[in-house]
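Just so you know, the sequences run in chain order A and B. Residue numbers are given in this note's numbering: position 46 of the first sequence equals residue 46, and the series is strictly consecutive. Residue numbers are given in this note's numbering: position 67 of the second sequence equals residue 67, and the series is strictly consecutive.
Don't read these hints as lab results, they were simulated from the structure. Every value quoted in this text rests on a predicted model; they were computed, and no experiment measured them. Treat the hints loosely; a few may be bogus.
Across the chosen pairs, the derived CB separations fall in these ranges [to be verified]: (1) SER12(B) / TYR57(A): 42 to 50 Å; (2) GLN141(B) / ALA96(A): 47 to 55 Å; (3) GLU137(B) / CYS33(A): 23 to 31 Å.
The beta carbon of each residue, even a glycine, is placed where N, CA and C say it ideally should be.
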Amino acid sequence: MACREWHEKLDRYLDGELAPGENAALGAHLRGCAECTADILERVQTKRLVQRAGKRYEPSAALRDKITKMAAAKSPGVFRRWRLVLVPALVVLVAAFFLDGYLVRERAARLRVYSELADLHVSTLASATPVDVVSTDRHTVKPWFQGKIPFTFNLPELTGSEFTLLGGRVEYLEQAAGAHLIYQVRKHEISVFIFPERDSETRSLPSGAANAASFNSETWAQNDLRYFVIGDASPADIQALSRLLRDAR
Amino acid sequence: MRVSEDRLSAASFEDLALPLFDQLYNFARWLTQDTAEAEDLVQETYAKALRGFASFQAGTNFRAWMYRILRNSFLSSRTGLKTTVVLDEEDGDGMPVESTTPESLLIEQANRELVQQALEGLPVPFREILLLCEVEEMSYQEIAETLGIPIGTVMSRLSRARKALRDALRDRIERGRHGV
Chain A
1 MACREWHEKL DRYLDGELAP GENAALGAHL RGCAECTADI LERVQTKRLV
51 QRAGKRYEPS AALRDKITKM AAAKSPGVFR RWRLVLVPAL VVLVAAFFLD
101 GYLVRERAAR LRVYSELADL HVSTLASATP VDVVSTDRHT VKPWFQGKIP
151 FTFNLPELTG SEFTLLGGRV EYLEQAAGAH LIYQVRKHEI SVFIFPERDS
201 ETRSLPSGAA NAASFNSETW AQNDLRYFVI GDASPADIQA LSRLLRDAR
Chain B
1 MRVSEDRLSA ASFEDLALPL FDQLYNFARW LTQDTAEAED LVQETYAKAL
51 RGFASFQAGT NFRAWMYRIL RNSFLSSRTG LKTTVVLDEE DGDGMPVEST
101 TPESLLIEQA NRELVQQALE GLPVPFREIL LLCEVEEMSY QEIAETLGIP
151 IGTVMSRLSR ARKALRDALR DRIERGRHGV
């Protein structure tokens with residue numbers, strides 16, 4: 001093998017990267033070749049110089065402290081690494097489950113309340129005696145409820161409007177006594193239910209208009225009372241009556 | 001420092017990474033030539049390694065992985081972008097042939113400080129490969145993994161880096177001798 005070819009292997013010899021067979025062969029060559037020997041000597045010297053000179057910088061104690069804490073505090077084992085992904089995923093799943101259940105329950109509750117009120121409205125009108133107090137006068141109707149229901153309320157002055165008060169009766173919704181008033185507008189009967197607002201399904205009801213079983217309705221909470229206005233009159237009439245009730249003094 | 005699969009499941013990041021701290025800092029300081037930057041670089045390296053530890057492949061070289069993170073962080077830093085030198089990439093066949101004049105006597109006079117100055121003056125790709133090979137005593141395979149280059153390129157770049165260092169040392173020794 002020519003000297004030049006050995007020459008190219010000197011670095012690898014120096015770094016211990018030659019195959020064992022080549023190592024021995026190069027060793028044999030070096031013993032007989034002054035030029036390659038001088039060359040390898042220089043390379044060994046340089047390598048040693050760099051080794052010594054390269055180990056130059058010491059990290060500060062503050063940095064060592066910081067890195068040690070960093071590595072120890074969050075050393076992620078297999079479980080902890082999984083937890084990073086799993087915990088948020090579970091939180092989302094559980095939240096979605098409960099939110100979903102909550103929305104379904106709330107919607108079911110609203111439907112139940114509306115359909116119950118619609119039933120009351122229809123059955124009352126179908127009965128032979130729809131109202132227990134027959135009066136067009138709010139000053140007669142309001143005192144009639146005293147002692148029969150655990151609250152009082154204001155009824156609007158209807159003079160100048162198209163609405164007529166037909167009368168009232170005591171009604172029960174979820175075991176709570178409330179007032180059921182019946183109004184009339186152009187041959188349409190409208191029921192107004194007033195119940196104490198309490199921790200029940202009605203509390204979650206948002207104010208606003210709704211359409212239940214082809215009836216139009218309106219509901220809102222006022223002075224701890226829950227108002228429902230429901231009937232087969234037009235939405236405009238339902239809203240007009242709702243406004244009168246709301247503004248009643 | 002090849003980590004077997006079953007050992008990795010037991011080994012924590014702390015156990016593997018903390019013993020490398022001093023070397024990594026030395027390497028970072030050589031690359032950045034600045035204490036504050038080196039400290040930032042080491043911190044960034046540990047933070048990234050900690051986050052990426054899950055993706056570290058068991059059975060591969062952990063030390064090379066850490067050095068690669070440090071080096072890549074350095075290259076994307078402001079200083080790293082400024083100092084990056086594009087080398088003509090060579091393969092094993094194109095190795096430069098040295099002048100055969102032995103300079104051992106000359107080199108012998110080089111003291112530690114002179115070598116440090118010469119190293120500082122080298123372009124980053126030469127400086128880093130010399131540090132990895134001589135100071136970290138990495139195998140060619142580890143260097144290849146750290147730098148992300150083929151082994152043939154490791155050998156040729158190392159050869160060129162050593163020649164550049166010898167030339168730089170010779171320059172400095174001769175300048176010193178002439179009182180420049």
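Okay, the hints, checked on the actual structure:
Here the CB-CB span from SER12(B) to TYR57(A) is close to 27 Å, at odds with the stated 42 to 50 Å. Checked against the given bound of 47 to 55 Å, the beta carbons of GLN141(B) and ALA96(A), roughly 50 Å apart, stay inside it. Between GLU137(B) and CYS33(A) the beta carbons are some 27 Å apart, a value that agrees with the proposed interval 23 to 31 Å.
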